[in-house]
Amino acid sequence: MFWSRQLTDASKAVLALLALVYLNVIPISVQAAERTMIVLDGSGSMWGQINGKPKLVIARETLREVLKGVSDTTILGLMAYGHRVKGDCSDIELIVPPRAGSADEIANKVDSLKFLGKTPLSAAVQLAAKELRYTEDKATVILITDGLETCKANICEIGTSLEAQGLDFTAHVVGFGLSKAEGKQVACLAENTGGQYFSAANASELVEALNQTVAAIIPNVRLVAIDQNGNRVTGISLDWTISDANNQNIHTTTAFEASIGSLEAGDYSVSVAGQNVSGGTEFSIIADVQKQIIEVPVEVQQLEATLDAPASVARGATFDVVWGGPNAKSDYVTIVEIGAKPGVYTSYFYTQNGNPAAITAPDGVGTYEIRYVYGETKQTVARRDIEVTEIAVTIDVAKTVAAGAEFAINWFGPAYDRDYLTIVAKGSDEGEYLDYAYAQNGNPSTLSAPDGLGDYEIRYVLGSSKRTLASVDIKVTAVAGNIDAPATVFGSTEFLVNWSGPSNKGDYITIVPSGVEEGEYLDYAYTQNGNPAKITAPDAVGDYEIRYVFGSSKRTLAFAPIELLATSATLSVVNAPVPGGKITVEWTGPNGKRDYITIVEKGAEQGSFNSYAYTGRGSPVEFKVPKALGLFEVRYVVGVSKRTLTNVDVMLRPVNASISAPSKANAGDAIEVSWTGPNSKGDRIEITKLGAKDNANPLSKAGTIQGSPLFIYVPETAGKYEIRYKLMDTRKVIARSEILVE
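Residue numbers (this note's numbering): 1 to 742.
For the record, the hints were derived by calculation from the structure and aren't laboratory data. No incorrect hints appear here.
Label-pair restraints from in silico Cβ distances:
{"id": "1", "residue 1": "Ile-293", "residue 2": "Gln-440", "range": "56 to 64 Å"}
{"id": "2", "residue 1": "Gly-431", "residue 2": "Asp-111", "range": "48 to 56 Å"}
{"id": "3", "residue 1": "Val-57", "residue 2": "Gly-101", "range": "19 to 27 Å"}
{"id": "4", "residue 1": "Lys-554", "residue 2": "Asn-353", "range": "43 to 51 Å"}
{"id": "5", "residue 1": "Pro-310", "residue 2": "Val-344", "range": "15 to 23 Å"}
{"id": "6", "residue 1": "Asn-695", "residue 2": "Leu-522", "range": "43 to 51 Å"}
{"id": "7", "residue 1": "Thr-150", "residue 2": "Arg-594", "range": "41 to 49 Å"}
The calculated lysine to aspartate or glutamate pairs, modelled on EDC-like cross-linking and capped at a C-alpha distance of 16 Å, are:
{"id": "8", "residue 1": "Lys-466", "residue 2": "Asp-417"}
{"id": "9", "residue 1": "Lys-664", "residue 2": "Glu-716"}
{"id": "10", "residue 1": "Lys-554", "residue 2": "Glu-518"}
{"id": "11", "residue 1": "Lys-466", "residue 2": "Glu-432"}
{"id": "12", "residue 1": "Lys-689", "residue 2": "Glu-742"}
{"id": "13", "residue 1": "Lys-475", "residue 2": "Asp-455"}
{"id": "14", "residue 1": "Lys-720", "residue 2": "Glu-742"}
{"id": "15", "residue 1": "Lys-68", "residue 2": "Asp-104"}
{"id": "16", "residue 1": "Lys-68", "residue 2": "Glu-105"}
{"id": "17", "residue 1": "Lys-109", "residue 2": "Glu-93"}
{"id": "18", "residue 1": "Lys-582", "residue 2": "Glu-622"}
{"id": "19", "residue 1": "Lys-642", "residue 2": "Glu-605"}
{"id": "20", "residue 1": "Lys-701", "residue 2": "Glu-686"}
{"id": "21", "residue 1": "Lys-184", "residue 2": "Glu-157"}
{"id": "22", "residue 1": "Lys-466", "residue 2": "Asp-363"}
Quick caveat: nothing in here was measured; it's all calculated off a predicted structure. Heads up, the beta-carbon is just placed ideally off N, CA and C, and yes, glycines get one too.
Could you put together the complete structure from these sequences and hints?
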């Protein structure tokens, strides 16, 4: 908002400004030349195209053309961002320091820029303002960007800050190829500093925008709103409309003030409007005067607000404030120290989020004030005092606790949102914490002690500010532990470890190479899962150690050495597998956790597998083989490392079989059948109807395990049949012989 006197009413501030009708014009003579910085977007998005042409090419060509019209006396510099490194928010560089006669150098430097990285436009504008000594001299920044902020900064807040701190700071923004919605997100930089936003969707619009900024850096005409006390109205966006002597609208803009590149000599009028502001005047442009400032009188309507809150509140408590006021966008209620500067806030609540406002009291005791703040200008419209009082908090806990152990804390306190109990080393800074429990999760609270011995303290901490409300001392004492494990085990095998120790939450038993750093682990078992612990040794040989480890800190409480011995295995293929069938393998070996037997092509990489069977199923194991032909190998694979412990070759060959049997037989007779074939497990001789499918149910059958020849009964019904050799692995028929039953 905009104010001409201090507010004095503690519960309601009323600003009544009378209508003013000024028709005066105050022309100002030529002033010292201002310093201007072009801030150019060098981010990777400038490779985007407009009508088939990269935006960076359009920007280079347009800047070179526009810079030809810049006077040699103009003090102009160039800064770029995102042009050297990908993904670096600090990639901002002053390329041409501001000086007179720099236009050609700027054009040449722009031609050589690379377009690579992020869009830290807020930081770039701040650096440009600093380079221009904006707090000491009049300064203008012209930001040319094709993207939005990508480095976690608020360009609108930056604009407000620069306007407040600058002697006479202005930022113009050229949005190159931005959508209307995107443009609104960067236009606030111009609006908050009295500048203008230009939207450039193509090359011609970019030329127009740059001609109104770069080529016309010092506006010929500036119009500023003045209240009835002669104070300049700042910090609020106003709508400006300028008309000529024929009452034709020739220029409109929304900004703190109106800056116009040029107007011909003659008579004009201006109207200005904004929230709670309206006014206007007639003015004349004087020929041969380079720069004129027009003061435009405005009427400010009455604003008032009220606040109703308790007279006192406990520190850290959340309380309601009933408010009345304009409820404009961004208006808020806050609590601050008495006499705090305008715009300062701690806990706050936007009025548009409802009524009453929920405010959290500070953690300090004493007198504070609640404020209704007009959001656009950060000025206080209403205020009232409130007393923040002490609150009782107590902690009841044992004087000692074993290292790493869980323990209970009884406490009394407010249990505000995010309040917590914690344990810290005695004398730690405010806000430090180790294990903690939120107060709202119940009373008593349960914490785990650190494993370091010595003096600690339990603290009740206010969640809103991390301030300690109460603390008591506690001593962490030593705890014993022991490991009882075998002196030797075979690598990759599972073994048992007996242990003793506190068995705190997260404590575990693990195996590691001897002497490795604290916190290292391989296979492990939580102590709370039982005693003894089951541990699988790594697939290795040499000196290792078993450790009891505190879960809270990863510190070793106890350890014992263990030696890993080399393991071996044997494989024996029992049958002659057929492609697509099953293989039976007898084995010996460590039978470690997840060890398995598999078949792969000869020479396949370690860890490869097709069908497999875990050794945990016992010996022998059975699994399918590939349907392919050729040389394969059966492997015993260590599960923990995928290393092949041993292997044997297996040749998968085409399957051949033959049947010799009578061509005729009487119904129901037993016939003799001679056969040759693989005689794999389950293979059989079948009789089916002639031409039946391979998976047809047989009318009669006999296992090849009976040998050759074997006897089989023919059907009782006359007809044509066939005698088959059937592989049970694959359910395929590999030999046939026709027989007529009479």
